[in-house]
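S.K.: If you want the building blocks of each chain, they are given just below.
There are 4 protein chains.
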Amino acid sequence: MALSSLSRFLVSRNFGRSADVKVSLWLGSKCGISTSGPDLATDARSTSFKRFADYTIFKGKAAMALSPILPTFREVNSQSSKLCKRGCVMMTFWPAIGTKKYDWNRKQVFALSPTEAGNLISLGPEESCEFFHDPSKNSSLEGQVNKSLKLSPTGNDQGYFLNLMVTNKIKGTNERFSVPVTKAEFAVIRTILTYILPHILGWSQSAISQLPQTASNLHKQGFGTRPDPALEWEM
Amino acid sequence: MALSSLSRFLVSRNFGRSADVKVSLWLGSKCGISTSGPDLATDARSTSFKRFADYTIFKGKAAMALSPILPTFREVNSQSSKLCKRGCVMMTFWPAIGTKKYDWNRKQVFALSPTEAGNLISLGPEESCEFFHDPSKNSSLEGQVNKSLKLSPTGNDQGYFLNLMVTNKIKGTNERFSVPVTKAEFAVIRTILTYILPHILGWSQSAISQLPQTASNLHKQGFGTRPDPALEWEM
Amino acid sequence: MALSSLSRFLVSRNFGRSADVKVSLWLGSKCGISTSGPDLATDARSTSFKRFADYTIFKGKAAMALSPILPTFREVNSQSSKLCKRGCVMMTFWPAIGTKKYDWNRKQVFALSPTEAGNLISLGPEESCEFFHDPSKNSSLEGQVNKSLKLSPTGNDQGYFLNLMVTNKIKGTNERFSVPVTKAEFAVIRTILTYILPHILGWSQSAISQLPQTASNLHKQGFGTRPDPALEWEM
Amino acid sequence: MALSSLSRFLVSRNFGRSADVKVSLWLGSKCGISTSGPDLATDARSTSFKRFADYTIFKGKAAMALSPILPTFREVNSQSSKLCKRGCVMMTFWPAIGTKKYDWNRKQVFALSPTEAGNLISLGPEESCEFFHDPSKNSSLEGQVNKSLKLSPTGNDQGYFLNLMVTNKIKGTNERFSVPVTKAEFAVIRTILTYILPHILGWSQSAISQLPQTASNLHKQGFGTRPDPALEWEM
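Going line by line, the protein sequences match chains A, B, C and D.
The letter at position 33 of the first sequence is residue 33 when you use our numbering, and the numbering goes up by one with no holes.
The letter at position 133 of the second sequence is residue 133 when you use our numbering, and the numbering goes up by one with no holes.
The letter at position 92 of the third sequence is residue 92 when you use our numbering, and the numbering goes up by one with no holes.
The letter at position 221 of the fourth sequence is residue 221 when you use our numbering, and the numbering goes up by one with no holes.
Calculated directly from the structure, the hints in this document are not laboratory data.
Note that the structure is predicted; figures quoted are calculated from it, not measured.
Heads up, a few of these hints could be off.
Same chains, same names: a pair is fine if it fits in one copy or spans any two.
[Unchecked claim] Each computed BS3-like pair below joins lysine-lysine, with the alpha-carbon atoms no more than 27 Å apart:
1) K101 - K82
2) K169 - K100
3) K59 - K150
4) K107 - K85
So here's chain A without its partners, still in its complex pose (with noise of 0.2 Å):
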């Protein structure tokens, strides 16, 4: 009785609101709500309550926002699971159309790879760099949209020009942005970009799950009175 109240409990709460991030996570396992009626989630992900954040800057010609796009993990069996989608870090340009008001349904996009990402990390105050994408690789549409984005110095170290350009040869049509970013607005990207790296590359997650690892059978005599010099792996 205790389990099914438990897990009407659990049920009716997809109906309700949280704004407690662990209660979600805490849902998301779908075994306690399959026991005691229907699944409402199709997927591990729509169970989940998620917070949307980005880092936007405002300048005269257009805005720019960096948001994370986390992994997607596959399940491998029923003790583990393995990356099957790498994340992002999503660029997203709104054109201005006047002071500090900018075009929100003209929005262009770029996905920043992990790679990409460690290009910006490491690029030196006086380097430039150049990412081309094509939305449609691999598949009947390849070549139709180009899009590039290119990073260079403004010069005395004090930032870099931001410039994307999308060419969609379907559509006719050739849309340039270009943002201005400070010195210390890139501390700011190159800081989050070396914070999400290990979230988009799935490293974090790894992490996490690794955690409960203790050999509670291997107890040996003196244990835990001193450091060992004989600790590390050699593989």
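Dock chains B, C and D against the given chain A, drawing on the hints supplied.
M.R.: For chains B, C and D alone, coordinates are given in the frame of chain A:
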């Protein structure tokens, strides 16, 4: 019955004391509480157990403390929330009134924005920077109180002078605080600003809330045996 | 009754599938399970839901993956555990057998120790380093298999050549893998090594386990109103 | 009944063994325990399951270990607590008494403060630093025991000599420990000090405890569709 008992257990918690932040987070669920009685919390924040921390530097003329203020999220719907107010790093200054004595009632604060924090993180050893704030910006009192925070190098890569000036035209006052920060203290400041930036921008909360992403319905043959060169996004 | 139901709920979980790592962690408690029936877990690790992640670089002659191996803790008594085996960062190499095709069965591994990871983190753009491992060290097979990993700069601050050589005297084989790593890819490697170091040393788990420290019985008058210059240790 | 069973479950846990730190954290709640029987814990800390970790360097004349000591919080009221004792990074030295053998009973400790940790983090390759501690400061034994820790470069950007000297006027002893630290080992030390600084200052615990901030009553029209240039604080 188990459910209502559990709920009473949860509600009764509000009158007790707990050293355990995890329990508090769990109790943050309005759903669990509201099904068994009146919701005592008027705001999600009031049910959480907060811990306050700072990094304070005590010097001859003044003391200066840094402490983190996290962002606020707002629900978009029952499934997700979005950052509605960025966090900041609050700097508080108190004047000295004797050896190791400070006037705790005459404090002045300066809220470092994420980009200003980025400025400090990337400040070169011989560089200066200055920020201007008006706490009444966009109100009828705009321009009445002006604050400026200036960092200038003490020379020889030995740290910075941190100077806050607060001019209050209404009160006719002009307060100045000066705190010399050593290179070691500035390394601590740089380290905790780097640490807290993803938190005050909401990226850390976003990363946690997206955690349980497992595409459990997408099993494919041979998955899990090897890395796949085609895992990355291109967008 | 509620207790036994809850316990059955916990045990039954072992036969289901869950996408939620938090639930798995909670279920890691042997106490909860053992009071209601046989303990199905032979080891604390077998009850946890693991997520595997890596960072893989695919190049012309070989592919190379990095993945974290977390440390193992051993119980000292019912209140505490101590790290008994350090983690590492596992490097895996596979030879190419065609364009974007690799022989997944002919892999070789090299387990980076924390200090070797520190070596890569601090490697200057024009510096080299080399590590030698003997997986049979301190056994009767010592010296039969020798592994060397060498990093040497490609020149002009453009990255490093990563070379693994494995000599197996028993099999009479000598395998070589060479992977050029760009500056951007090495920035990713440096970032994730920096991230994972506290985890493979067990510091992150130590930090979490010490979390609920509140000296609730030590209230003193006036506490909480101001910073205290005498808060620091001197030992 | 469910409540008392659950509580008994919680109390009984204290006699069992658990490999799961999450359960321990949950059990840290005094509220849950005290409503159903005597509180076996005399201090919040004694109910938590601790994991101990270090980073140890074994050299010819001595071994040196670093391990984190987290801060203590004190309750201000039932809703919040405040840091009352900063954490530190404990350095422990043991003299060598043979090849890879150390006298584990003749250890000396030196507790690095946050600012001293910042000093090591920012130490240039050709810089030195020295810290002086008196463990009996502000007591009647002040000046009887003096400790000094000195770091000096070994030359050619190859690392540092770490020298601890402990003079005990009461015992009439003068102990010296010298540990050469390679550049790679110092990169590990720098990395874990950078990692642990926000923890020993209490910022990480503060960040977690503020987590569930959702302004659920402040819905406004159009929210969630776009970034807002007016989200930042000015204070």
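S.K.: Which hints, by number, does the structure contradict?
M.R.: As far as the earlier hints go, only 2 is violated by this structure.
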